[in-house]
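Chains as they are written, first to last, in our numbering: chain R, 5 to 142; chain E, 780 to 904.
No lab work stands behind these hints: they were computed from the structure.
Any given hint might turn out to be false.
Said to hold, decoys possible - Reference excerpt, derived from the structure (chain R facing chain E, CB under 8 Å, subset only): (1) LYS16; (2) ALA18; (3) GLU20; (4) VAL24; (5) THR48.
Said to hold, decoys possible - Here are some chain E residues the structure puts well away from chain R; computed CB gaps all over 10 Å: (6) ILE790; (7) LEU795; (8) ARG849; (9) MET874; (10) GLN898.
All of these numbers come straight from a predicted model, not from anything done at the bench.
Cβ atoms here follow ideal geometry from the backbone N, Cα and C, with glycine treated the same way.
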Amino acid sequence: MAARVLSTQEMKIASEDDVVLVRRAVRALAERRGFDSFASAALTTAVTELGRNIWVHARSGMAIIEELEDGLRPGVRVEFKDLGPGIPDIDWAMAGGNSTASSLGLGLSGTKRLVDDFQLQSEVGRGTSVRITKWKRF
Amino acid sequence: MQSGQIPILRIGTTLLASIQIELRDTTAQSFQEDVLKAIEKSRSRGLIIDITGLDMVDTFVARILTDTGRMAKLMGTETVLVGMRPEVAATLVRMGFSMQGVHTALNVDEGLALLAQLQGAQGRA
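My request is simple: use the sequences and hints to build the entire structure.
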């Protein structure tokens, strides 16, 4: 993938308010790059789910928001990183309907369905990284 | 936790709560408690939750809304969720979420009509 990164913004997530700030930043970027309301809602919902995961499971972490361009196509990539407990069984966590905290258990599997690319890496005791990418539709 | 950020109005035997602010988890939780207390106090028989103002509903907020409907039901009140935007409906369904426990309608008018219908059916039973 020869997508160019046009800009990068790092934001910390250590509270519920931080999740709201990350969501607003991603929405503003998506709208600026011409995402329609459906794509924008899908992306901001995914960002909210993953941002909440950080402060619920790991208490703190980072969101790295990247503005992409692949040829003429604009995209947004957001990576969520934490040094929390990690996910012991990724297949189980991704299966859907499973939840360890107060959410529905649709968080990870549901989020994956909202974006074009979803990369999850996790190591128990080391932390978790989830990277999502959404491209503008033509 | 700040309570009362979302106004809950009484119209006859119906309560109308219109969510016009960006919902945080804690606001959503206090809203649920406020609604249930308002139902007890007003003895209303129907509840309409208007989410026209929400441009995003994640699974946490969706769960709070459906749980609120199920809790209201235990108190004898039917809940109609109205004003869901197309992109919100599309996102929730793509995530695999079903709004079990609440009725839905396009807008407040349709919601009131649905409540009248539900209450009429109860009255005849």
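Each hint tested on the structure:
1. Contact between LYS16(R) and chain E, as hinted, is not supported at the beta carbon level, the nearest pair being about 17 Å apart and thus beyond 8 Å.
2. Of the supplied interface hints, the one on ALA18(R) is violated, with its beta-carbon coming no nearer than about 15 Å to a beta-carbon of chain E, more than 8 Å.
3. A hinted interface residue such as GLU20(R) counts as satisfied when its beta carbon comes closer than 8 Å to some beta carbon of chain E; here the least separation is about 6 Å, so the hint holds.
4. Hint status for VAL24(R) relative to chain E: holds, with the closest Cβ pair at about 6 Å, below 8 Å.
5. The closest approach between the C-beta of THR48(R) and any C-beta of chain E is roughly 5 Å, which is under the 8 Å cut-off, so the hint is satisfied.
6. The beta carbon of ILE790(E) sits about 30 Å from the closest Cβ of chain R, which is more than 10 Å, so the claim that it is off the interface holds.
7. Interface exclusion of LEU795(E) from chain R stands, the closest Cβ pair being 25 Å apart, more than 10 Å.
8. Look at ARG849(E): its CB is around 14 Å from the nearest CB on chain R, clear of 10 Å, so calling it non-interface holds up.
9. Non-interface status of MET874(E) relative to chain R is broken: a Cβ of that chain comes within 10 Å, the nearest being about 3 Å off.
10. Chain R leaves GLN898(E) outside its interface by the beta-carbon criterion, the shortest separation being 31 Å against a cut-off of 10 Å.
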